[in-house]
Every structure is written in structure tokens, then in C-alpha cells.
Amino acid sequence: GQQLNQSPQSMFIQEGEDVSMNCTSSSIFNTWLWYKQDPGEGPVLLIALYKAGELTSNGRLTAQFGITRKDSFLNISASIPSDVGIYFCAGGAGSYQLTFGKGTKLSVIP
Amino acid sequence: NAGVMQNPRHLVRRRGQEARLRCSPMKGHSHVYWYRQLPEEGLKFMVYLQKENIIDESGMPKERFSAEFPKEGPSILRIQQVVRGDSAAYFCASSPPGQGEGPQHFGDGTRLSIL
Chain A
152 GQQLNQSPQS
162 MFIQEGEDVS
172 MNCTSSSIFN
182 TWLWYKQDPG
192 EGPVLLIALY
202 KAGELTSNGR
212 LTAQFGITRK
222 DSFLNISASI
232 PSDVGIYFCA
242 GGAGSYQLTF
252 GKGTKLSVIP
Chain B
153 NAGVMQNPRH
163 LVRRRGQEAR
173 LRCSPMKGHS
183 HVYWYRQLPE
193 EGLKFMVYLQ
203 KENIIDESGM
213 PKERFSAEFP
223 KEGPSILRIQ
233 QVVRGDSAAY
243 FCASSPPGQG
253 EGPQHFGDGT
263 RLSIL
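Chains A and B, in that order, are what the protein sequence lines are.
To convert, count from 1 in the first sequence and add 151; that's the numbering used here.
To convert, count from 1 in the second sequence and add 152; that's the numbering used here.
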């Protein structure tokens, strides 16, 4: 089946720093989605991308759909303590099911 | 303004019992998806349903697992004769008609523990 490689697995950053994480795949995806999951809760949608090359922002978050359709990145600018959590990328390939990465665990040091 | 509602939030079963997990999609959403998450892992697709139809069950084990989304009422994920390996968090997601490929909105999950 399709697999997504998400990196880094975990990050420790100082409050105020910028963060970058990415997902790569050997397969092409038609949709890239980025979710954030807090402990004991479900994933919350942050950004959805539908076109190769698309760059979309949501507040301090910016995500891009790679030109090759095999990768995507998420940037968080000026991190704050509430950014702590696990960030997942997910790809859609036309079969309605999403393929998820294993997540990037973000810790923010005040 | 209700999101995807799942219940129960936590479920404890002994080996051999049945587990029933319920999911009510967001208002106006007619597509329901079930995913399973093990600790430290991403979500794995199990099944995609529309009202009274199973569209894709390729991620669901052939035995002991079944899912339904009746005309009235919530979607149900049913696990018969549970085993220890069924312990996981089970998430339901929904999407509106015509947006089968996302974005999918998730509930807060049911954490299933098998004793």
C-alpha cells in the first residue's frame, strides 16, 4: 500500500522560533491535508491542499503541495506554547481513503 | 454546531466479548469513514460508508469486524469476539456529499481496551 514518510519524528523548539516539517511519498497524491492532534482528542484539520504547487496559509501556518505531487511541507511561524501536539500529514489518492504519516511531535519550550 | 460525535469515549471489554462503537457525522455530511490508531502511529483507514452502503472496506479485517451506516441513526463499527490486539483508538470522520477525497473532519475517538 501507499506510505508516507513524515519528518522529523519529534522536535523541541524555543517559543518564538519557526518550525518546518514535511512528508514525502513514492506515490502521487491528489490531495494533501495537515492535521493536529492533541492528547486524548481526534485530529483537527489545519490546511487542505488540492493542486500541485499550491501554497496555502492559515494564520501562522503555511503549507505547500509539492510540484511532483509526492511531497508537502508545513511551516509554523513564531511558535507559541499551544502549538504543542502531534502534526499529521495525510494524502488522498482518489480512493476516498486517506493515508496518514506517523506524525511529528512538537514540543515548545517557553 | 456539533462536530463528529463518537461514543463511548472509552470502552473496556474482556476477550471474547463484542464491542460496538458509534459515530454520528457532522450535520449535512453523508460520508463516514472509520480509522484505527495504535500508540505512536498514524491513523489507518478501515472502511468508508455512505447511507445504507459500504463503499470501500479494504482496510477492515475480513473476520470479526463489520460496519454499517443505516438510513436513520449513527454509523456503527462492530467488533465481535474481541482479542487483545484490537486495543486501539478508533476514529470516525465525515465529509459532505461530493467531497469524498476530503477534507475529512474527525471525532474525538473511542479508546478500546481489551482485558
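In case anyone wonders, no lab produced these hints; they're calculated from the structure.
Note that the structure is predicted; figures quoted are calculated from it, not measured.
Watch out, some of these pointers could steer you wrong.
Unchecked claim - Below, computed lysine-lysine pairings styled on DSSO-like, alpha-carbon distance capped at 27 angstroms: (1) 253(A) - 203(B); (2) 202(A) - 253(A); (3) 214(B) - 202(A); (4) 256(A) - 187(A); (5) 223(B) - 179(B); (6) 256(A) - 221(A); (7) 187(A) - 253(A); (8) 223(B) - 187(A); (9) 221(A) - 187(A); (10) 187(A) - 196(B); (11) 196(B) - 179(B); (12) 202(A) - 221(A); (13) 253(A) - 221(A); (14) 196(B) - 256(A); (15) 221(A) - 196(B); (16) 203(B) - 223(B); (17) 214(B) - 179(B); (18) 203(B) - 179(B); (19) 187(A) - 202(A); (20) 214(B) - 203(B); (21) 196(B) - 253(A).
Stated by the list, open to error - If you anchor each label on the Cβ, the simulated ranges turn out as follows: (22) 166(A) - 265(B): 31 to 37 angstroms; (23) 201(A) - 236(B): 37 to 43 angstroms; (24) 167(A) - 233(B): 50 to 56 angstroms.
For every residue, glycine included, the Cβ atom is placed at its ideal position computed from N, Cα and C.
Hints versus structure:
Between residue 253(A) and residue 203(B) the alpha-carbon distance is near 30 angstroms, which puts this suggested pair outside the 27 angstroms criterion. Pair hint residue 202(A) plus residue 253(A) holds up; C-alpha atoms about 23 angstroms apart against a cutoff of 27 angstroms. For the hint pairing residue 214(B) with residue 202(A), the CA-to-CA distance comes to about 35 angstroms; that exceeds 27 angstroms, so the pair is violated. A distance of roughly 10 angstroms separates the Cα atoms of residue 256(A) and residue 187(A); the hinted pair therefore holds under the 27 angstroms criterion.
Among the hinted pairs, residue 223(B) with residue 179(B) is consistent with the structure: their alpha-carbon atoms are about 14 angstroms apart, no more than 27 angstroms. The suggested pairing of residue 256(A) with residue 221(A) holds, with an alpha-carbon distance near 22 angstroms, which does not exceed 27 angstroms. Among the hinted pairs, residue 187(A) with residue 253(A) is consistent with the structure: their alpha-carbon atoms are about 12 angstroms apart, no more than 27 angstroms. Of the supplied pair hints, the one linking residue 223(B) and residue 187(A) is violated, its CA atoms being roughly 32 angstroms apart against a limit of 27 angstroms.
The suggested pairing of residue 221(A) with residue 187(A) holds, with an alpha-carbon distance near 21 angstroms, which does not exceed 27 angstroms. Straight-line distance between C-alpha atoms of residue 187(A) and residue 196(B) comes to about 16 angstroms, which keeps the hinted pair within the 27 angstroms bound. As the CA atoms of residue 196(B) and residue 179(B) are separated by approximately 24 angstroms, the hinted pair is consistent with the 27 angstroms bound. For the proposed pair residue 202(A) and residue 221(A), the alpha carbon gap of about 12 angstroms is at most 27 angstroms, so the pair holds.
A threshold of 27 angstroms between alpha carbons decides the hint, and for residue 253(A) with residue 221(A) the separation of about 16 angstroms falls inside it, so the pair holds. Simply put, residue 196(B) and residue 256(A) have alpha-carbon atoms about 18 angstroms apart, close enough for the 27 angstroms limit, and the pair holds. In summary, the hint linking residue 221(A) to residue 196(B) is supported, as the alpha carbons are separated by about 19 angstroms, within the 27 angstroms threshold. Restraint check: the Cα-Cα separation between residue 203(B) and residue 223(B) comes to about 6 angstroms, which is no more than 27 angstroms; the hinted pair holds.
Note on residue 214(B) and residue 179(B): the hinted pairing is violated, with a Cα-Cα distance of about 30 angstroms set against a maximum of 27 angstroms. For the hint linking residue 203(B) to residue 179(B), the alpha-carbon distance of about 14 angstroms falls within 27 angstroms, and the restraint holds. Restraint check for residue 187(A) and residue 202(A): the C-alpha separation of about 21 angstroms stays at or below 27 angstroms, so the hint holds. Under the criterion of a C-alpha separation no larger than 27 angstroms, the hint pairing residue 214(B) with residue 203(B) is consistent with the structure, at around 21 angstroms.
Distance check on the hinted pair: residue 196(B) and residue 253(A) sit about 10 angstroms apart at the alpha-carbon level, within 27 angstroms; holds. Range check, residue 166(A) to residue 265(B): Cβ separation about 36 angstroms, and the 31 to 37 angstroms hint holds. Between residue 201(A) and residue 236(B) the C-beta distance comes to about 41 angstroms, which sits within the given range of 37 to 43 angstroms. A hinted range of 50 to 56 angstroms holds for the C-beta pair residue 167(A) and residue 233(B), which are about 53 angstroms apart.
Checked against the numbered hints given earlier, the structure breaks hints 1, 3, 8, 17 and satisfies all the rest.
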